[in-house]
Amino acid sequence: MERIDAVQARDHIEMVERILAQTQPRLCAGGEFFVVWGVASAFVTVIAKLVSQGILAGIWLWTIPIVLCAGALFSIVRGRQLRKTVTRTSLVQREFFNVLWLTLGLAFIVNVAVYNIFSGIAAAAIWSVAEAIVLLNIGMHGNRRAQVAGVLVVASLVAANFASTGVNAYVLAAGMLAGYGGFGLSELLARD
Amino acid sequence: MDELLLSKVRLGVVAELLNYDWVTFSELARSLDVSNGNLGAHMSKLVEADYVEEDKSFVNRRPLTRYRLTKRGRDAFATHVSQLQSLLKAAT
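For the protein sequence lines, the chains are A and B, in the order given.
For the first sequence, counting from 1, position 31 maps to 31 in the numbering used here; every step adds exactly one.
For the second sequence, counting from 1, position 73 maps to 73 in the numbering used here; every step adds exactly one.
Misleading hints may appear alongside valid ones.
[Said to hold, decoys possible] So the derived list for chain B, only partly shown, Cβ under 7 Å to chain A, looks like this:
{"hint": "1", "residue": "Leu4"}
{"hint": "2", "residue": "Leu6"}
{"hint": "3", "residue": "Ala15"}
{"hint": "4", "residue": "Glu16"}
{"hint": "5", "residue": "Asn19"}
{"hint": "6", "residue": "Tyr20"}
{"hint": "7", "residue": "Val23"}
{"hint": "8", "residue": "Phe25"}
{"hint": "9", "residue": "Ala49"}
{"hint": "10", "residue": "Glu53"}
{"hint": "11", "residue": "Leu84"}
{"hint": "12", "residue": "Leu87"}
{"hint": "13", "residue": "Leu88"}
These are computed hints drawn from the structure, not numbers from a lab.
These numbers were taken from a predicted model, which means no experiment stands behind them.
Ideal placement from N, C-alpha and C gives every residue a C-beta, glycine not left out.
Generate the whole structure from the sequences, applying the supplied hints.
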């Protein structure tokens with residue numbers, strides 16, 4: 001049976017402390033998901049608004065499920081690629097993606113199943129709220145860019161609430177694009 | 001004391017895996033600065049003891065092996081570190 005003395009014990013503990021200090025997990029390595037969903041949600045919002053105003057023909061509504069399906073397909077394929085190629089997947093990151101998919105899943109269900117109960121842009125606002133939840137959740141883990149982006153999305157919600165019905169959807173879409181998409185872009189640019 | 005974790009390399013592996021869901025073999029070898037052969041032998045022992053879980057796959061036709069800590073490994077690590085700290089305390 002192997003034995004260990006106090007000197008070796010100290011050496012082992014110091015190594016463990018050094019490793020734990022060096023392996024503080026970095027949250028969020030997937031900037032591309034934010035870019036794709038920021039652009040997709042803004043696109044859906046604007047198309048729905050343009051069709052409701054009669055600027056675009058109703059057939060344009062068919063682009064919405066196509067864009068959403070393309071976004072979902074990209075997320076699944078890219079997620080699988082990342083799982084296979086990243087050298088480290090942190091526990092925090094796994095939790096974050098659980099929250100992300102849960103929040104977006106709930107928003108999607110509300111969008112599809114509760115759309116007719118609300119009037120105006122409630123469905124888009126729900127998406128915006130979901131994006132704000134995701135960003136602020138990341139922000140709570142110390143990501144300053146996510147904090148700023150989350151506040152931006154919340155500000156766009158408040159601004160849209162007080163804006164006229166002619167422009168409120170565009171205000172929301174701007175928040176989605178700048179907040180969600182912008183955060184994803186900044187993550188991609190900051191990636192080392 | 002946990003005999004398996006008395007090895008500095010194996011203890012290092014478990015510490016490396018503590019904050020992570022999955023870590024690849026090559027990343028562990030790089031981070032701990034050990035040869036592939038040496039690490040492979042240590043990983044086999046940890047897998048046999050059910051301290052770590054192994055996942056083997058192919059990416060672009062190249063083998064990819066990654067590991068994650070099991071609950072048994074996590075518990076063993078916590079107990080072992082606590083025993084090391086007790087040993088240090090008793091010695092001072």
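Now for the hints, and whether the structure bears them out:
no., hint, verdict
1, Leu4, "10 Å, violated"
2, Leu6, "5 Å, holds"
3, Ala15, "4 Å, holds"
4, Glu16, "6 Å, holds"
5, Asn19, "5 Å, holds"
6, Tyr20, "5 Å, holds"
7, Val23, "5 Å, holds"
8, Phe25, "10 Å, violated"
9, Ala49, "15 Å, violated"
10, Glu53, "13 Å, violated"
11, Leu84, "5 Å, holds"
12, Leu87, "5 Å, holds"
13, Leu88, "5 Å, holds"
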